[in-house]
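S.K.: First to last, the sequence lines map onto chains A and B.
All residue numbers for the first sequence refer to this note's numbering, where the first residue is 235 and numbers rise by one.
All residue numbers for the second sequence refer to this note's numbering, where the first residue is 954 and numbers rise by one.
Simulated from the structure, these hints should not be mistaken for laboratory data.
You may find that some hints are simply not true.
[Stated by the list, open to error] A partial selection of chain A residues facing chain B, derived with a Cβ cut-off under 8 Å: (1) H275; (2) L279; (3) P341.
Ideal Cβ positions, reconstructed from N, Cα and C, are used throughout, including at glycine.
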Amino acid sequence: DAGITQSPRHKVTETGTPVTLRCHQTENHRYMYWYRQDPGHGLRLIHYSYGVKDTDKGEVSDGYSVSRSKTEDFLLTLESATSSQTSVYFCAISDGTIISYEQYFGPGTRLTVT
Amino acid sequence: AQSVTQLGSHVSVSEGALVLLRCNYSSSVPPYLFWYVQYPNQGLQLLLKYTTGATLVKGINGFEAEFKKSETSFHLTKPSAHMSDAAEYFCAVSDQSTGNQFYFGTGTSLTVIP
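One chain only, chain A, in its complex shape:
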């Protein structure tokens, strides 16, 4: 299994509070991604990174920010959590080469905003 960990694995927070989710990889892969998974929507890309300090927006980036100061860590921040951000969040990594183009996923973080 690819070395990807996410922390915390579960979190309950109140509306309006800031929340930071962490993704850590030990594979030295260039690309890292944050997705959210909601029933009926599959996985939707929030933000992704193609290198240290290089990030870009995905399909559902409003209300989220990211940072990548080291190859191994990719942080997702909800500046002011809302109930619509209750979801399961997955981190994924990829080295992006044609031989190994696939993404590998972490175990997920279940976030509940009350």
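Guided by the hints, dock chain B onto chain A, whose structure is given.
M.R.: Below, chain B alone, put in the same frame as chain A:
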């Protein structure tokens, strides 16, 4: 822009019967195609992929899929369903023009009836 359609959000098969999960994609350039499986409370695991070469690809757990360009399809099959195949299955499309972004379908939940 890429997109994926998975026909049938829920599929039920009897144990030992053929499994067929449908995936159609939209892409303006030659696609890279993937099938992932997700077991309850886990992350996504790669089943198989098509990037180049042979259009019939074999994956783990006895699954295979065939890339049909003329039909823009990448259906997943398994000759004989096992109880352990019960899970959520996601089809995804990407290509080299999208910055390694993946676009996922909304998923198909497979139930295996004993």
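S.K.: Taking each numbered hint in turn, which are not upheld by the structure, reported in ascending numerical order?
M.R.: none
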